[in-house]
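With these hints in hand, go ahead and build the complete structure from the sequences.
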Amino acid sequence: MGRKIVCPECNTIFDEDILKQKSSENTCLVCGASLLGDNKASNHEKPEPPKEKITYYYYGGRSATLDSMLFDDETPTYTFEATDMEDAKRQLRKVCPNSPLLKSPPSSEIRCPYCFSTQFQLVPRKFSLLTGFATNKVDRICAKCKKRF
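Here the sequence shown is numbered in this note's numbering, starting from 1 and rising by one per residue.
These aren't lab readings, by the way, just hints derived from the structure by calculation. If you're wondering where the values come from, they're calculated on a predicted model, not measured in any experiment. There may be inaccurate statements among the hints.
Quick list of simulated restraints, FRET-style, between CB atoms [said to hold, decoys possible]:
| no. | residue 1 | residue 2 | range |
| --- | --- | --- | --- |
| 1 | Cys115 | Glu81 | 38 to 46 Å |
| 2 | Pro50 | Asp72 | 30 to 38 Å |
| 3 | Pro50 | Asp15 | 39 to 47 Å |
| 4 | Asp72 | Lys144 | 15 to 23 Å |
| 5 | Arg111 | Leu70 | 33 to 41 Å |
| 6 | Lys144 | Arg62 | 54 to 62 Å |
| 7 | Pro100 | Pro124 | 35 to 43 Å |
| 8 | Gly60 | Ile141 | 30 to 38 Å |
We treat Cβ as the ideally placed atom computed from N, Cα and C, and that holds for glycine.
And the structure:
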């Protein structure tokens, strides 16, 4: 009877004679890992290779675009080295937070259509041409520009 060998990956115990019969003295029969002690042949602990960086170009203006292609007729506003599109958008958000490409969802807050202020007063409507006097409708009046909306 030969000596006992323990697999470092799956902790399976093998007899040395059985491994010689199967002609796999250096590899585990269960998981395929190396039995020599170095884990270089192991599939479980391989570090992922670093993702290569791609150059992204941000073209500002009316049609703001973020693309990995460099166009001949336009000059890019910003150039980014990023691993993927999400990383490029994250970097763009730091450099140019008010970019039309990175629109935030519209808020449910009511704003004045003229000056975009959020400060307004509710004023009851005194009369209307259709319903006459003492209507139950309410108008909003902006506190900054004093316009009705």
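Are there hints from earlier that the structure breaks, and if so, what are their numbers? Violated: hints 4 and 6.
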